[in-house]
Amino acid sequence: MMKDFPSIIEAEGLTKVYAMGKVRVMALEDVTLSIPRGSFLGITGPSGSGKSTLLNLIGGLDTPTSGTIRVHGKFLSRMSNEELAHYRRADVGMIFQSFNLISSLTAAENVALPLLFAGVAKRERRQRARDVLNKVGLGSRAEHRPLELSGGEQQRVAIARALVNRPEILLADEPTGNLDSRTSKEIVRFLSDLNKERSITVVLVSHEEGLIREYCHLAIHLQDGALAMKDGMP
Amino acid sequence: MKLIDYIDQSFSNLKRRKLRTALTTFGVVIGIGALVCMIAYGKGIQKNISDSFTQMELFNYISVFTESALSRLGIGGERRIKAQGADSAVFLDDAVLKEIERMRGVEMVFADVRFPAAVRLDENEEFVLIQVLSSELTASPVIKLRSGTPYSSDDENSLVISDSLLTRLGVKDFDSVLGQEISVSTLSFDFSQVDPMDLSSLFQGDRLPFSRDDYRFKIVGIAERMGFGGPALLRSDVFIPPGASEGLKKLPFSNLWDLFQSPGMRRGYSLVNVKLSSPRFVDPVQEEIEKMGFGTFALMDQFEELKRGFLILNGVLAAVGMIAIVVASLGIVNTMVMSILERYAEIGIMKAVGASDKDIKKIFFFEASMIGFLGGVLGLGLGWLVSVLINHVVNAFLAGEGVPFIQFFNFPLWLCLGAVAFAILVSLAAGIYPAVRAARVDPVVALRHD
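These protein sequence lines map, in sequence, to chains A and B.
Numbered per this note's numbering, the first sequence spans residues 22 to 255.
Numbered per this note's numbering, the second sequence spans residues 135 to 584.
A hint or two may mislead.
Said to hold, decoys possible - Sample of chain A residues facing chain B (criterion: CB under 7 Å; computed from the structure):
#: 1; residue: 47
#: 2; residue: 77
#: 3; residue: 83
#: 4; residue: 84
#: 5; residue: 88
#: 6; residue: 96
#: 7; residue: 100
#: 8; residue: 103
#: 9; residue: 110
#: 10; residue: 121
#: 11; residue: 140
Claimed, not checked - Stretch-level coverage of chain B by chain A, calculated; a stretch enters the list once three of its residues show a Cβ under 8 Å from a Cβ in chain A:
#: 12; region: 135 to 141
#: 13; region: 403 to 409
#: 14; region: 475 to 485
#: 15; region: 575 to 581
As the list claims (entries may be wrong) - Keeping only pairs whose Cα atoms sit at most 35 Å apart, straight-line, the calculated DSBU-like set for lysine-lysine is:
#: 16; chain 1: A; residue 1: 143; chain 2: B; residue 2: 149
#: 17; chain 1: A; residue 1: 143; chain 2: B; residue 2: 136
#: 18; chain 1: A; residue 1: 143; chain 2: A; residue 2: 251
#: 19; chain 1: B; residue 1: 278; chain 2: B; residue 2: 136
Everything labelled a hint here was simulated from the structure, so no lab data went into it.
Quick caveat: nothing in here was measured; it's all calculated off a predicted structure.
Built from N, CA and C at the ideal position, the CB exists for glycine as well.
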């Protein structure tokens, strides 16, 4: 059913090898996949199966040992450090299991952080951060610091931060790992809404297969760094 | 990222760790303070000397010596004349004075005449060498009068006395002695004591063949004591006009050396001062006088050497200050590295949301330079404060010795701006390693949650 959609992310022969001292760890082995624009992809797999590594490679935080990733038709591997930084701030938004908010900054300041590096003026930063916080339902908590917020609220602040630059791709690395099941569901539903309403391509890494089955259009399963199963993939 | 954001960012980061920032900055403050103090002191001394020399027109003077006087004074250098035998010895007499006076650029020639005397004011007596100085010179900038006036003619029985001698004479309110009479006693040969038939009795009796004569002089001016020993031209605390000097019975020499110096016991001056209309005549006139067989000394020559000396002095002082700066910069490196370790995850987050390596580097550079800027400005303030303090303490001490207020420190604009710029520069240099290290933080490692 997704065949008609053009791919936004294309990975080919992705391999990542980490050198842990003298031991070489194969984190990802020859993964080839194509993610259609506007889809909601779930990635499952046990810990250490390479889910996060794949997400980091797509997010431009890490570089593959071999293989290529194309986003919007552009090869990430050919980008300079500077271009990669621009890609991270403009084209993708990332959220993490541990939220990764800066504890000394308020919610609004955290949300405005990507805009800071984009060179947006302070006044506009503040305005846009508030707008996005309103959208995630945290307008009243803008001046609170992360530790004054609940886990679900913190993750929503992180989502607001990921969205503030209006990226087309949202990468979520175990976003529900630190949340109770009710809040987890809320967060994934929120991601699903974003995917539907704004046609943002969402890639969700999770080991909660139930959630993925419920919300995702597509799913892949990783096992020992290799693609074990595709579900509904083109 | 915008410039203002870098400043904002680094400021709030530094504010987060107030104590550590304060301590690190304090290190820079001490370093810059020491450096600034040292350089300001070197500059101050230099300025003091060159300013007062210029102001007193001391660069316009040449001193002329006979060869023997030259060697006695230990003044040498390239201009030192060759040793001459007694036969070819030249004398500084009035004929020579007249000859020098005719040279181009020469304004005035006057011999350095001084004689021993005792001055008494009320109950206090001091022994001094009185210097004969024309009224014209007394009115020139060579003498700095703190009150009163120079004597108006070369013949009046007036004198100018230094404030330090007045202090020694127990005077507290200097102005109160203006117009007052002061007693000057001279020594002269008393020929009535000498038996012309037996000159060997001259120094054998109970009484030396000298007599003491008392004169009254009016104090018209009070000279300021020079902070740096004053010019070589004025080596006395009491100055009287030449006309008045002629009327005094006195010994024809100020010191026994004068007798040794004069070959064949011929009378001549041991030292003559030449005043020029401008420092640019120093070289030609000096050359001409040396051709006549005399030794010369011009402050102008010495000043070049003096400048080299100051350069070395400044260098040594700056080196001492530099040690403090090096220590301070190590403090900056330490603080920044600590900060990176603490903010490891934060750096990872910033990178994940789109900070480039350059952004991270700049954030740390700005933090370092902020420490440098604060340290530089406050250090400058501290240096200035300390210098004011030292100045007051030292001057309070010197005031007791009758020395006028001396500004020991000099803060030229370049030093103030340079100190701050230097502090920033050093901090930036200290920030290189931490900044590079921060930029190298791998976001994947920094954000790993397990």
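Hints, one by one, checked against the model:
The beta carbon of residue 47/A is not positioned within 7 Å of any beta carbon in chain B (closest approach about 16 Å), and the interface hint is therefore violated. Look at residue 77/A: its Cβ gets to within about 5 Å of chain B, closer than 7 Å, so that hint holds up. The interface hint given for residue 83/A is met, as the beta carbon of that residue sits about 5 Å from the closest beta carbon of chain B, less than 7 Å. Proximity of residue 84/A to chain B is violated relative to the hint, the smallest CB-CB distance being about 10 Å (cut-off 7 Å).
With its C-beta approaching chain B no nearer than about 17 Å, residue 88/A sits outside the 7 Å limit, and its interface hint is violated. For residue 96/A, the suggested interface contact is broken, since its CB lies about 19 Å from the closest CB of chain B, more than 7 Å. Proximity of residue 100/A to chain B is violated relative to the hint, the smallest CB-CB distance being about 11 Å (cut-off 7 Å). Satisfaction of the interface hint for residue 103/A is found here, the shortest Cβ-Cβ separation to chain B being roughly 5 Å, below the 7 Å cut-off.
With a cut of 7 Å, the hint placing residue 110/A at the interface with chain B holds, because the nearest CB-to-CB distance is about 2 Å. Proximity of residue 121/A to chain B holds as hinted, the smallest CB-CB distance being about 5 Å (cut-off 7 Å). Satisfaction of the interface hint for residue 140/A is found here, the shortest Cβ-Cβ separation to chain B being roughly 6 Å, below the 7 Å cut-off. For the region 135 to 141 of chain B, the proposed coverage by chain A is satisfied: 4 residues have a C-beta within less than 8 Å of a C-beta in that chain, meeting the threshold of three.
By the rule of at least three residues with a Cβ nearer than 8 Å to a Cβ of chain A, the coverage given for the region 403 to 409 of chain B is violated, with 0 such residues. Figure legend: the region 475 to 485 of chain B, annotated as covered by chain A; annotation consistent (6 residues with Cβ-Cβ distances under 8 Å, at least 3 required). Check result for the region 575 to 581 of chain B against chain A: holds, 3 residues qualifying (beta carbon to beta carbon below 8 Å, three or more required). A C-alpha spacing of about 19 Å is found between residue 143/A and residue 149/B, which places the hinted pair at or below 35 Å, so the restraint holds.
At most 35 Å may separate the alpha-carbon atoms for a hinted pair to count; residue 143/A and residue 136/B meet this at roughly 9 Å. For the suggested pair residue 143/A and residue 251/A, the alpha carbons sit about 45 Å apart, so the restraint of at most 35 Å is broken. Only pairs whose Cα atoms come within 35 Å are accepted, and residue 278/B paired with residue 136/B is rejected, the gap being roughly 59 Å.
Checked against the numbered hints given earlier, this structure breaks hints 1, 4, 5, 6, 7, 13, 18 and 19; the rest are met.
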